[in-house]
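Kindly produce the complete structure, drawing on both the sequences and the hints.
Number of protein chains: 2
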Amino acid sequence: MVNIPQRGFPVSEFAARLQCAQSQMVSQNLDGILLMSEPEVRYFSGFHTLFWLSPTRPWFLFIPIEGKPIAIIPEIGAALMRETWVEDIRTWSAPSPDDDGISLLLDLLNPLSKQGGRLGIMKGHETSLRMPLADYERLMTSLPGLNLIDATSLVRSLRMVKSAFEIEKIAHICTIASNAFARANEIFYEGQPFAETFRAFRMECLAQGADDVPYLAGGADIGGYQDIISPPSQRLLQKGDILMLDTGATFDGYYCDFDRNYAIGKDDELSRRAHDTLWRATEAGLAVAKSGTTCRELFQAMSGVITEMDYQGGDVGRMGHGLGMQLTEQPSHAVFDETVLEENMVITLEPSLSYGDGRIMVHEENIVVQNGAPRLLSRRADQELPIIGRG
Amino acid sequence: MVNIPQRGFPVSEFAARLQCAQSQMVSQNLDGILLMSEPEVRYFSGFHTLFWLSPTRPWFLFIPIEGKPIAIIPEIGAALMRETWVEDIRTWSAPSPDDDGISLLLDLLNPLSKQGGRLGIMKGHETSLRMPLADYERLMTSLPGLNLIDATSLVRSLRMVKSAFEIEKIAHICTIASNAFARANEIFYEGQPFAETFRAFRMECLAQGADDVPYLAGGADIGGYQDIISPPSQRLLQKGDILMLDTGATFDGYYCDFDRNYAIGKDDELSRRAHDTLWRATEAGLAVAKSGTTCRELFQAMSGVITEMDYQGGDVGRMGHGLGMQLTEQPSHAVFDETVLEENMVITLEPSLSYGDGRIMVHEENIVVQNGAPRLLSRRADQELPIIGRG
Chain A
1 MVNIPQRGFP
11 VSEFAARLQC
21 AQSQMVSQNL
31 DGILLMSEPE
41 VRYFSGFHTL
51 FWLSPTRPWF
61 LFIPIEGKPI
71 AIIPEIGAAL
81 MRETWVEDIR
91 TWSAPSPDDD
101 GISLLLDLLN
111 PLSKQGGRLG
121 IMKGHETSLR
131 MPLADYERLM
141 TSLPGLNLID
151 ATSLVRSLRM
161 VKSAFEIEKI
171 AHICTIASNA
181 FARANEIFYE
191 GQPFAETFRA
201 FRMECLAQGA
211 DDVPYLAGGA
221 DIGGYQDIIS
231 PPSQRLLQKG
241 DILMLDTGAT
251 FDGYYCDFDR
261 NYAIGKDDEL
271 SRRAHDTLWR
281 ATEAGLAVAK
291 SGTTCRELFQ
301 AMSGVITEMD
311 YQGGDVGRMG
321 HGLGMQLTEQ
331 PSHAVFDETV
341 LEENMVITLE
351 PSLSYGDGRI
361 MVHEENIVVQ
371 NGAPRLLSRR
381 ADQELPIIGR
391 G
Chain B
392 MVNIPQRGFP
402 VSEFAARLQC
412 AQSQMVSQNL
422 DGILLMSEPE
432 VRYFSGFHTL
442 FWLSPTRPWF
452 LFIPIEGKPI
462 AIIPEIGAAL
472 MRETWVEDIR
482 TWSAPSPDDD
492 GISLLLDLLN
502 PLSKQGGRLG
512 IMKGHETSLR
522 MPLADYERLM
532 TSLPGLNLID
542 ATSLVRSLRM
552 VKSAFEIEKI
562 AHICTIASNA
572 FARANEIFYE
582 GQPFAETFRA
592 FRMECLAQGA
602 DDVPYLAGGA
612 DIGGYQDIIS
622 PPSQRLLQKG
632 DILMLDTGAT
642 FDGYYCDFDR
652 NYAIGKDDEL
662 SRRAHDTLWR
672 ATEAGLAVAK
682 SGTTCRELFQ
692 AMSGVITEMD
702 YQGGDVGRMG
712 HGLGMQLTEQ
722 PSHAVFDETV
732 LEENMVITLE
742 PSLSYGDGRI
752 MVHEENIVVQ
762 NGAPRLLSRR
772 ADQELPIIGR
782 G
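Residue numbers (the working numbering), protein chains in the order written: chain A, 1 to 391; chain B, 392 to 782.
The hints are simulated quantities; they were obtained by calculation from the structure and are not laboratory data.
Do not rely on the hints blindly, as some may be mistaken.
Computed Cβ-Cβ distance ranges for the label pairs, DEER-style [unchecked claim]: (1) Glu342/A / Ile778/B: 51 to 57 angstroms; (2) Asp479/B / Phe165/A: 43 to 49 angstroms; (3) Lys266/A / Ser554/B: 40 to 46 angstroms; (4) Ala207/A / Ser403/B: 37 to 43 angstroms; (5) Asp667/B / Gln19/A: 49 to 55 angstroms; (6) Val731/B / Ser142/A: 30 to 36 angstroms.
In this text, all values refer to a predicted model and were calculated from it rather than measured experimentally.
We treat Cβ as the ideally placed atom computed from N, Cα and C, and that holds for glycine.
In structure tokens:
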């Protein structure tokens with residue numbers, strides 16, 4: 001049995017996150033940051049609930065230039081927010097379509113607007129506006145003095161580098177998913193309805209200690225799958241199928257994100273070669289994934305191997321990404337991303353290739369960037385495509 | 392074993408949804424609707440994937456005034472979208488921070504802008520902008536002729552009334568969750584770590600046939616819980632605890648959403664009374680939940696019973712809501728919501744009350760609105776608070 005990390009974080013962790021944010025806010029001359037997305041609100045407050053799945057209510061956290069975050073949230077979240085380190089909690093009885101937190105936000109932000117202050121909001125790549133657009137427009141019209149500044153890169157730069165506590169949680173869920181994949185030969189079988197394959201894997205992850213398996217996608221088809229983001233099809237696993245499952249399981253709100261490929265009963269020459277090529281591409285990534293390497297260089301190291309077999313390099317747009325509170329986080333291992341890797345970033349290496357008749361294969365590992373060789377969090381896949389129930 | 396409904400929908404279902412939308416678009420003088428959120432894109436296309444969990448890429452579906460929807464999506468989704476009834480699929484290699492679908496959207500919408508057309512987007516209550524705000528602003532600046540119209544109520548009016556196929560899926564997942572709760576006495580026990588309580592319930596739902604359990608929240612404490620949206624605390628279930636689990640499990644992308652309360656080993660007078668009051672409030676709701684009743688009237692019927700015990704009526708803002716592709720959908724059973732219930736709306740009845748020393752209790756059932764008495768989808772809770780492992 002693996003050691004289960006402590007849940008939650010010491011208050012010192014939140015204090016440190018806040019201090020880093022405020023120090024960057026000073027240098028960027030920001031007077032505050034208004035956050036409204038789940039990972040950001042959780043990152044600075046510790047407020048952790050699946051209730052975000054309900055789209056009904058907006059939630060706000062304000063980071064002032066001095067002092068602790070201020071929560072402006074629906075009353076239904078007050079009890080849980082009081083368990084966090086946040087002290088200033090302002091609530092309203094939501095939903096309230098005519099005023100879903102807007103008056104409370106106006107009270108908070110009016111002084112900033114009057115002094116022509118600079119308010120950070122996240123409006124850049126990979127973000128969403130997690131409140132009704134009409135309410136946002138109304139709010140901003142009422143705060144004409146406010147200068148809105150994109151705080152995406154500020155927040156992203158903090159979140160990309162993980163603390164020891166965060167790494168421990170991600171390592172734990174990677175071990176759990178690795179243990180679940182290790183039982184592939186026992187839980188997957190020829191003739192299995194694909195929906196049952198998914199169900200068996202979810203149950204195995206839970207039995208191994210996962211809190212949840214929010215993401216599970218996969219493909220299976222003779223000689224290779226053609227799609228990597230699907231829910232299960234209605235077919236049965238057949239001899240000659242190449243099966244891929246890609247999972248984002250969670251522990252205490254932190255994700256793993258990796259996949260594994262299997263041949264059902266027997267493999268085929270091309271798929272075997274694709275798997276070997278992807279494995280070696282990952283090795284090439286592992287060899288350069290250290291502090292100081294750029295994401296672009298990491299991409300190039302992997303695609304250099306991929307081009308042995310596939311000149312297009314798949315078309316998923318990148319070969320891995322950041323990992324943590326979300327299934328996918330910044331940075332992206334792609335030609336456009338010049339982010340320099342730093343110690344304690346947690347990332348995926350995810351080369352993919354197209355082959356045969358419209359087939360695609362993906363392969364993924366999760367690692368912690370270090371000054372030397374990376375620390376593998378997922379248990380390294382076999383170089384050879386494994387065969388389930390060979391006989 | 393229950394009959395498992397067919398997955399997916401016949402094309403005729405999507406054609407009917409589109410026809411309803413286009414007929415309303417004509418009467419509202421809309422030239423098109425641009426959608427970008429998961430349930431809406433899925434509703435009109437059938438595109439079903441958990442990949443939306445990755446925040447990296449935006450996805451767009453355009454509903455023209457005539458003809459089929461047009462998908463503007465990342466290349467990684469093309470294979471899956473080709474499985475749907477959508478024919479016009481335009482893709483780009485995403486992520487691409489400098490142009491994540493924007494050029495493709497401009498090509499599509501420029502003619503509309505030039506003729507001063509009216510474009511529907513969802514910007515009202517319970518919506519989010521599921522693309523970077525900066526990209527949205529850039530897009531709209533480039534389309535100065537466009538008149539943006541809020542299409543929230545148009546889309547919402549379609550989605551609120553469910554088809555027979557949709558009801559069958561929701562009924563199926565409600566049966567599965569009911570079967571899982573029916574095993575409470577076997578899977579929950581005094582001394583159980585609360586995280587294990589959650590895990591056992593998730594595994595039971597999967598074993599009973601759920602695809603997934605995206606939402607699970609709960610509370611447990613001596614004499615009643617104080618919070619209803621929390622992940623599991625680190626305590627063990629104790630004799631005298633009132634335990635509540637609230638689940639949103641899914642089948643084929645459709646949710647159930649209901650909760651159940653249990654006393655561990657023994658109950659207490661106040662909690663027993665609270666449970667009875669909530670049960671009777673739900674009866675009052677069931678008695679009036681039919682075509683022609685407004686959501687406000689439904690709220691009043693339930694709160695009339697609640698006030699026997701609690702004058703505040705909890706402060707969660709409403710006593711139930713719509714249910715389907717999302718854990719919570721419109722309408723809201725609340726004083727502010729004048730929506731008239733129609734046949735084949737699927738809704739929750741969810742009275743709650745505050746009692747004792749800061750305790751809260753919730754109680755929830757899922758029903759289909761009919762012309763006469765509603766059809767219960769969740770198996771009706773016992774009037775009396777059930778006791779686990781009495782002895």
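Structure-based check of each hint:
no.: 1; hint: Glu342/A / Ile778/B: 51 to 57 angstroms; result: 55 angstroms, holds
no.: 2; hint: Asp479/B / Phe165/A: 43 to 49 angstroms; result: 48 angstroms, holds
no.: 3; hint: Lys266/A / Ser554/B: 40 to 46 angstroms; result: 43 angstroms, holds
no.: 4; hint: Ala207/A / Ser403/B: 37 to 43 angstroms; result: 41 angstroms, holds
no.: 5; hint: Asp667/B / Gln19/A: 49 to 55 angstroms; result: 51 angstroms, holds
no.: 6; hint: Val731/B / Ser142/A: 30 to 36 angstroms; result: 33 angstroms, holds
Figure legend: structure checked against the earlier numbered hints; every hint is met.
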